[in-house]
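Trainee: Residues per chain are reported as follows:
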Amino acid sequence: MNSFSTSELDDLTDEDLMLNYRDGTAAAFDVLYARHKGGLYRYVLRQLNNRQDIANELFQDIWMKLINARVNYQATAKFSTWLYHLAHNRLVDYWRSEKFIKHHVEFDETSELALETDESSEPHKELQKQQMQQQIKKAIAELPEEQRSAILLKEEASLSLAEIAEVTGVNRETVKSRLRYGIKRLRGVLQPLRPVS
Amino acid sequence: MSNKEFEDEFDQDKEFLTLHEKYKAVSTEEPSEAIDLNVLGAAHSAVNSHHETNNEETPDKIKKINKHAWYVPVSYVAVIVLSLSVFLKLAFDPELMTPEFIESELNGADFVEESFLPEVNRQYADEQDKMPAEQKKIKQNQQRQVVELQKERLEEVARSQRKEKSEPKKRMLLKSQAASKPLVMSPSTRSEVLNNKAGAAAEVTAPMALMSSPVGDQAPVSALAQETTQMPAQESVQDTGGLTQRSTEEADNERQIKHIKELLKLFEAKKLEELKKALAAYRKIYPYNKEIERLPQVIQELEKHWKTEKGVKSLQN
Numbered sequence: 001m002n003s004f005s006t007s008e009l010d011d012l013t014d015e016d017l018m019l020n021y022r023d024g025t026a027a028a029f030d031v032l033y034a035r036h037k038g039g040l041y042r043y044v045l046r047q048l049n050n051r052q053d054i055a056n057e058l059f060q061d062i063w064m065k066l067i068n069a070r071v072n073y074q075a076t077a078k079f080s081t082w083l084y085h086l087a088h089n090r091l092v093d094y095w096r097s098e099k100f101i102k103h104h105v106e107f108d109e110t111s112e113l114a115l116e117t118d119e120s121s122e123p124h125k126e127l128q129k130q131q132m133q134q135q136i137k138k139a140i141a142e143l144p145e146e147q148r149s150a151i152l153l154k155e156e157a158s159l160s161l162a163e164i165a166e167v168t169g170v171n172r173e174t175v176k177s178r179l180r181y182g183i184k185r186l187r188g189v190l191q192p193l194r195p196v197s
Numbered sequence: 001m002s003n004k005e006f007e008d009e010f011d012q013d014k015e016f017l018t019l020h021e022k023y024k025a026v027s028t029e030e031p032s033e034a035i036d037l038n039v040l041g042a043a044h045s046a047v048n049s050h051h052e053t054n055n056e057e058t059p060d061k062i063k064k065i066n067k068h069a070w071y072v073p074v075s076y077v078a079v080i081v082l083s084l085s086v087f088l089k090l091a092f093d094p095e096l097m098t099p100e101f102i103e104s105e106l107n108g109a110d111f112v113e114e115s116f117l118p119e120v121n122r123q124y125a126d127e128q129d130k131m132p133a134e135q136k137k138i139k140q141n142q143q144r145q146v147v148e149l150q151k152e153r154l155e156e157v158a159r160s161q162r163k164e165k166s167e168p169k170k171r172m173l174l175k176s177q178a179a180s181k182p183l184v185m186s187p188s189t190r191s192e193v194l195n196n197k198a199g200a201a202a203e204v205t206a207p208m209a210l211m212s213s214p215v216g217d218q219a220p221v222s223a224l225a226q227e228t229t230q231m232p233a234q235e236s237v238q239d240t241g242g243l244t245q246r247s248t249e250e251a252d253n254e255r256q257i258k259h260i261k262e263l264l265k266l267f268e269a270k271k272l273e274e275l276k277k278a279l280a281a282y283r284k285i286y287p288y289n290k291e292i293e294r295l296p297q298v299i300q301e302l303e304k305h306w307k308t309e310k311g312v313k314s315l316q317n
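Heads up: the sequence lines are chains A and B, in that order. Under the numbering used here, the residue at position 17 of the first sequence is numbered 17, and the numbers go up by one with no gaps. Under the numbering used here, the residue at position 217 of the second sequence is numbered 217, and the numbers go up by one with no gaps.
Just chain A, same shape as in the assembly:
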């Protein structure tokens, strides 16, 4: 088992961290998890139309899959691509098992409002932020699954077109068109909103 300090691990790439974790360095996983937990969690949460309970379950499942699959890990691709590929497959499985009809799922406003309680010194600004947040999430939730998936992978995982194509299992041109259509729709929805200063 290799022994690394935290600073040394922070300097390593995702792939090196995963290789170290595979070889028995548990601390490498801590760094890796800290890097990707937020983006992955939001990706899963948005994909599930902000249903937090299911998102929590699936989020843990995805990480457990990664932990179990560590023995066979080879650094042939980008780690984030592999991680989001696992997440995408888990979501697809979930939709299949639950016969999830994504277009008919209503946006859960109450959960979002409860989640985003923040102790701000300016109540007016906070209210405005919450309204905008709600609208963005609602707009994303109302997107078709393919477009939403492409936009979220771009936003949360910062994946390139090729990587999004690899994760979703389509070609680059399809990813491009999905992104264009997705942004167009969001633009229409978010037109009246101003960026938060």
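Because the hints were derived from the structure by calculation, they are not lab data. Small disclaimer: the values here were computed from a predicted structure and weren't measured. There's no promise every hint is true.
Unchecked claim - Using 30 Å as the maximum straight-line C-alpha spacing, the simulated DSS-like pairs for lysine-lysine come out as follows: (1) B:K24 / A:K129; (2) B:K24 / A:K138; (3) A:K125 / B:K24; (4) B:K284 / A:K176; (5) B:K284 / B:K261; (6) B:K24 / A:K65; (7) A:K78 / B:K24.
Given chain A, put chain B in place with the hints provided.
Mentor: Just chain B now, with coordinates in the frame of chain A:
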């Protein structure tokens, strides 16, 4: 438009950037601490358990190999124990390595009996030493007599066997007599026949007298008497084993053959009256011999032929 150009355009799109900023500003959800602990705990335990199982796998594999290979050391131990036992046996029993023993073993002799012989002889010698000199002499004489008698009997048997080989006709006769089982009489019945019937004694002496000479003479009668009186004594010795019993039977057969020969001699000498008497005496001694039962009929037929020379010639032939 290339992908890079598209991505640049996509990244430089003001609308997208606005959207991106807005999204980043509001999208700050993180998994709860409980989930973090769950995931990290699972990751750490997986690594630890993997190492533990790896450490445990090696002894399991070794155990399995040992489990399947138990018979190898057992066979080694068995071979060693057997070889040691053989070596010790040979070391403490040097007789086993003597050429006599090996030969006897190869010939299938019973070694166990022979192995006890020296001890038995030693015991016998000890007993002999303890006995008084007179008793020793008596016993030695008895043993000598027994040995001589046994030798005689064995010689008789050998002689009879030799005769059988040289005289096939006689052998055939012996076989036919053997087929009719009551050929050999027990000594008691024979003595009854000889002693109880008054006329029988005279009849018996008649053919026996002819053994020495065709003309009647008293000397052979005494010889016959001697023979008959000696018989029970000899048979009492012979009754000691199966071999001696067989020799008495053969002696009886020889005697019977002699009688038959005498009968034939009387027949050749044309002494019919004597022949009839001899036959009657013979039948009394050997009452169940079917072959001899036929003889009177044969003699009657011969008597008819006798009167003619042809009959004599055919008889001679």
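Trainee: Decide, hint by hint, whether the structure agrees.
Mentor: How the hints compare with the structure:
1. B:K24 / A:K129: holds, 12 Å
2. B:K24 / A:K138: holds, 15 Å
3. A:K125 / B:K24: The given pair, whose Cα atoms are some 16 Å apart, holds under the 30 Å limit.
4. B:K284 / A:K176: Violated, at roughly 142 Å.
5. B:K284 / B:K261: holds, 17 Å
6. B:K24 / A:K65: holds, 28 Å
7. A:K78 / B:K24: holds, 23 Å
Checked against the numbered hints above, the structure violates only hint 4.
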